[in-house]
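Chemist: Sequence:
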Amino acid sequence: MPSRNPVKKRYSLNIIRAKRSYSVSEAADALDVHVRTVQSWIKSGLRPLEGSRPYLIMGYNLKSFLTAEIQKQKHPLGPDEFYCVRCHQAVAGSQMESISRGKTMGQDSRHFEGNLRHLRR
54 MPSRNPVKKR YSLNIIRAKR SYSVSEAADA LDVHVRTVQS WIKSGLRPLE
104 GSRPYLIMGY NLKSFLTAEI QKQKHPLGPD EFYCVRCHQA VAGSQMESIS
154 RGKTMGQDSR HFEGNLRHLR R
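Just so we're aligned: the sequence shown equals residues 54 to 174 in our numbering.
Keep in mind that the hints were calculated from the coordinates and are not lab data. Remember, it's a predicted structure, so these values are computed and weren't measured experimentally. Mixed in with the good hints, there may be bad ones.
In the DSS-like style, the derived pairs of lysine-lysine whose C-alpha atoms are separated by at most 30 Å in a straight line are [what the hints assert, rightly or not]: (1) 125 - 96; (2) 127 - 72; (3) 72 - 116; (4) 96 - 127; (5) 72 - 96; (6) 125 - 72; (7) 116 - 96; (8) 127 - 116.
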């Protein structure tokens, strides 16, 4: 099972000011996340200011951390690859099979053939 990424949704990074320091609760409020989420980011590499208790986080550190975490989640695909939503990895087209489930789309009587299944080895 792949490791969980600390960043799961898109954040509005324009709210964060680069030259401002944020406490953990201020950063959580600005990004609309729980305080424990920001604390887990600190454990996974977000650098607070040294010697500051409670933790203070500079805005430019917060922006660069979130930008780097978002980039980690991106999966570049080759010309014959698909993104498997189940395993969160790029999968070669030869490892996929099309399955027909007999579903129709709307009032159209054609079968929806777009279902792909990842063949696990």
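Chemist: All hints are to be evaluated individually against the structure, with a verdict given for each.
Modeler: We went through each hint and held it up to the structure:
1. The straight-line distance between the Cα atoms of residue 125 and residue 96 is roughly 17 Å, inside the 30 Å bound, and the hint therefore holds.
2. Restraint check: the Cα-Cα separation between residue 127 and residue 72 comes to about 28 Å, which is no more than 30 Å; the hinted pair holds.
3. At most 30 Å may separate the alpha-carbon atoms for a hinted pair to count; residue 72 and residue 116 meet this at roughly 11 Å.
4. This hinted pair checks out: residue 96 and residue 127 have alpha carbons roughly 22 Å apart, not beyond 30 Å.
5. Taken as a hint, the residue 72 and residue 96 pair is honoured in the structure, with Cα atoms around 22 Å apart against an allowance of 30 Å.
6. Between residue 125 and residue 72 the alpha-carbon distance is near 25 Å, which keeps this suggested pair within the 30 Å criterion.
7. A distance of roughly 16 Å separates the Cα atoms of residue 116 and residue 96; the hinted pair therefore holds under the 30 Å criterion.
8. The straight-line distance between the Cα atoms of residue 127 and residue 116 is roughly 17 Å, inside the 30 Å bound, and the hint therefore holds.
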